[in-house]
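If you want the building blocks of each chain, they are given just below.
Number of protein chains: 2
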Amino acid sequence: MRAAVLRNRRIEVGDVPAPEPGPGEVLVKTLACGICGSDLHVFHQAQHNDNGGGAIVMGHEFVGEVVDYGAETAKRFKPGTRVNSIPILNRKTGAEFIGYSAVNPGGYGEYMRLTEDHLLEIPNGLPTEHAALNEPMSVGWHAVNRARLEKGDVPLVIGCGPIGLAVIAGLKIKGAHPIVAASRSAKRRELALKMGADVVVNPNDGSPYDVWREQAQTGLPDPGPTLPGWLVGSGLKPAVIFECVGGPGIIQEILNGAPQDARIVIVGLCFEEDRFQPMTGMGKEVSLIFSNSFYRREYAETLRHLAEGEIDVAPLITGKVGLDGVAHAFDELENPKNHAKILIEPWRD
Amino acid sequence: MRAAVLRNRRIEVGDVPAPEPGPGEVLVKTLACGICGSDLHVFHQAQHNDNGGGAIVMGHEFVGEVVDYGAETAKRFKPGTRVNSIPILNRKTGAEFIGYSAVNPGGYGEYMRLTEDHLLEIPNGLPTEHAALNEPMSVGWHAVNRARLEKGDVPLVIGCGPIGLAVIAGLKIKGAHPIVAASRSAKRRELALKMGADVVVNPNDGSPYDVWREQAQTGLPDPGPTLPGWLVGSGLKPAVIFECVGGPGIIQEILNGAPQDARIVIVGLCFEEDRFQPMTGMGKEVSLIFSNSFYRREYAETLRHLAEGEIDVAPLITGKVGLDGVAHAFDELENPKNHAKILIEPWRD
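From first to last, the protein sequence lines are chains A and B. Numbering follows this note's numbering, in which position 253 of the first sequence is assigned residue number 255; successive positions increment by one, without gaps. Numbering follows this note's numbering, in which position 184 of the second sequence is assigned residue number 186; successive positions increment by one, without gaps.
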């Protein structure tokens with residue numbers, strides 16, 4: 003089959019063996035697949051690997067169409083049914099990721115094999131390209147669930163890439179208000195407002211934490227110069243900060259800006275060692291809540307949010323390419339300020 | 003008044019001005035005061051300061067006896083009444099710490115001034131030396147409250163110095179079971195058992211995390227090689243880990259050992275920059291909950307726990323000295339494996 007393969011440190015279009023569905027597995031034809039920030043990371047890592055990172059068919063944000071079934075399947079869906087799945091193969095020997103090897107190719111290729119048990123049918127009326135955003139939107143939904151929001155919490159979203167935007171959408175569904183969001187990109191601030199942010203701020207123009215403080219006033223009288231914040235109220239509503247940037251240094255930056263008692267949900271990925279001053283977190287008694295992908299249940303919930311129009315992801319799709327356009331799309335995403343999500347349609351000319 | 007003063011990088015006994023109680027303040031005669039790990043840190047910091055750290059009368063774990071009142075006081079307690087207080091002066095110009103300067107001397111001197119509003123009367127029958135441990139025991143109680151324990155949580159306490167022991171005592175009051183505790187000191191493991199630990203482990207003999215896993219089995223069938231831990235249950239009860247060691251590197255060590263979904267309460271202090279791998283926390287979806295001292299309410303609750311015999315701190319008092327013995331006590335505490343708490347009695351010969 004044709005695929006955009008990461009090989010020899012480059013993304014090149016070529017032929018790779020089509021996957022064979024094993025027991026409990028389904029062969030699907032890829033209809034659409036998003037390019038994820040983690041894919042960019044894998045691409046960068048490959049630049050430093052002796053073997054160029056091997057041959058990888060990436061893509062874990064996909065929608066496919068049922069083509070064929072392997073052994074031991076219930077054949078729940080007719081061929082042609084549009085489906086998606088968490089990007090995990092559930093094999094007898096253990097779980098395997100889809101989209102991080104050539105053995106379990108992801109949506110950058112014409113075909114994938116998926117675990118039948120994980121298939122969700124794309125509801126009628128939900129465009130394929132919107133359903134392809136189920137995966138990143140689930141990451142945001144999980145992060146919002148991890149925060150265990152309570153009435154009165156005022157969220158601040160740092161970074162408005164696809165994951166930050168997904169967090170905003172999740173906060174909106176939960177009824178959080180006001181939602182403050184920060185991004186240096188004008189395009190992404192505009193998207194943040196479309197996804198449900200109430201106030202957006204460009205960190206080049208002023209501190210997101212100051213804007214948050216303006217929005218989080220309780221209106222109660224200032225307790226005055228009496229006792230440290232951890233001994234009396236601060237006059238502010240509780241802060242829930244979402245770190246949606248990733249990379250070293252961001253956690254300390256958020257610790258510096260965060261108000262007393264903030265819950266900080268870490269959604270951005272930092273693959274390197276990071277440094278921080280534990281006493282900053284200690285003095286403010288923050289919590290750092292790491293949030294990694296999503297539960298199966300949340301993936302199904304998000305598909306329902308998309309189908310019922312509770313999240314409109316149309317504005318997030320800022321580009322579509324065929325397999326020949328993937329390498330260029332990766333270049334574009336190096337400086338993504340005008341992009342949110344680029345979709346690959348492997349069958350497109 | 004006489005005091006053990008940190009001056010010229012040494013602890014020396016000398017005369018300093020007795021404090022004068024200002025408006026809303028009470029003069030007390032110090033009856034007993036604990037030496038805290040933070041005092042040792044201040045002592046070490048002084049070694050590196052150009053001015054030797056100035057002159058400081060430390061001591062924030064104290065019991066005193068009411069001697070005199072300043073202006074604007076209600077004179078709630080008769081002279082001679084035994085009292086303690088959070089180590090904070092609540093002045094019109096703001097809050098000031100007690101025990102970190104010569105201006106607001108702590109319990110390493112014969113007299114202190116305290117804020118009348120913060121005074122708690124030591125209940126009849128509670129020995130002064132036990133009440134002097136109210137402060138560190140409150141730190142443990144606060145940390146346990148920060149963990150928001152739920153039924154079935156299995157705690158693991160890393161480090162059994164006074165704060166780790168205080169955490170164990172707090173866990174015992176909450177009914178947590180089994181309580182697993184780790185320390186390299188045989189003396190401290192013995193104290194951990196006395197305070198309520200069910201299982202103690204010497205990290206030189208084996209991994210505390212393995213011992214925790216043995217204790218945290220749900221007894222449910224192993225879900226087998228199906229999906230990663232964040233997608234299915236792990237067969238383990240929820241982990242709540244208390245970091246009671248402090249210093250750089252410990253957080254990463256705990257991240258390495260922690261099971262999936264652990265809540266990690268950071269009580270130990272690390273005054274330096276620390277390094278860690280955020281992806282370790284991300285992969286396990288842990289929460290890092292920083293816990294700093296205590297609320298006023300918790301300080302009063304802990305005094306009640308001591309008075310009602312819910313916590314017996316007698317075994318924790320491993321030494322008592324007069325002012326002349328403070329410098330030697332600091333030396334002893336450099337290698338504290340045979341010590342938990344050393345008390346200063348400034349009026350002792």
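No lab work stands behind these hints: they were computed from the structure. Positions of the beta carbon are idealized from the N, C-alpha and C atoms, including for glycine. Some clues are possibly wrong.
[Unchecked claim] Below, a list of computed lysine-lysine pairs in the BS3-like style, where the Cα atoms sit at most 27 Å apart:
1. A:LYS196 - A:LYS239
2. B:LYS94 - A:LYS94
3. A:LYS286 - B:LYS77
4. A:LYS239 - A:LYS176
5. B:LYS176 - A:LYS94
6. A:LYS286 - B:LYS94
[What the hints assert, rightly or not] Far from chain A by the CB rule (all over 12 Å, computed), these chain B residues:
7. VAL15
8. ASN51
9. PRO250
10. ILE252
[Claimed, not checked] Non-contacting residues of chain A with respect to chain B, defined by C-beta distances greater than 12 Å in every case (computed):
11. ASN51
12. PRO280
13. GLU303
14. ARG350
15. ASP351
Okay, the hints, checked on the actual structure:
Of the supplied pair hints, the one linking A:LYS196 and A:LYS239 holds, its CA atoms being roughly 25 Å apart against a limit of 27 Å. Simply put, B:LYS94 and A:LYS94 have alpha-carbon atoms about 69 Å apart, too far for the 27 Å limit, and the pair is violated. A distance of roughly 34 Å separates the Cα atoms of A:LYS286 and B:LYS77; the hinted pair therefore is violated under the 27 Å criterion. About 17 Å separates the Cα atoms of A:LYS239 and A:LYS176, which keeps this hinted pair within 27 Å; it holds.
Taking the CA atoms of B:LYS176 and A:LYS94, the gap is near 42 Å; set against the 27 Å cutoff, the hint is violated. A C-alpha spacing of about 23 Å is found between A:LYS286 and B:LYS94, which places the hinted pair at or below 27 Å, so the restraint holds. The claim that B:VAL15 is not at the interface with chain A holds, since no C-beta of that chain comes within 12 Å of its own (minimum 31 Å). The beta carbon of B:ASN51 is kept farther than 12 Å from every beta carbon of chain A, the shortest such distance being approximately 18 Å.
For B:PRO250, the requirement that its beta carbon stay farther than 12 Å from each beta carbon of chain A is not met, with the minimum near 8 Å. Against the 12 Å criterion, B:ILE252 falls within the reach of chain A, whose nearest CB is about 9 Å from its own CB. Non-interface call for A:ASN51 relative to chain B: holds, since the shortest CB-CB distance, roughly 18 Å, exceeds 12 Å. A Cβ of chain B approaches the Cβ of A:PRO280 within 12 Å, the least distance being about 4 Å, so the stated non-interface status is violated.
Interface exclusion of A:GLU303 from chain B stands, the closest Cβ pair being 15 Å apart, more than 12 Å. Its beta-carbon lying about 32 Å from the closest one in chain B, A:ARG350 satisfies the requirement of being farther than 12 Å from that chain. Consistency note on A:ASP351: stated as away from chain B, and its beta-carbon is indeed over 12 Å from all of that chain's, at 38 Å minimum.
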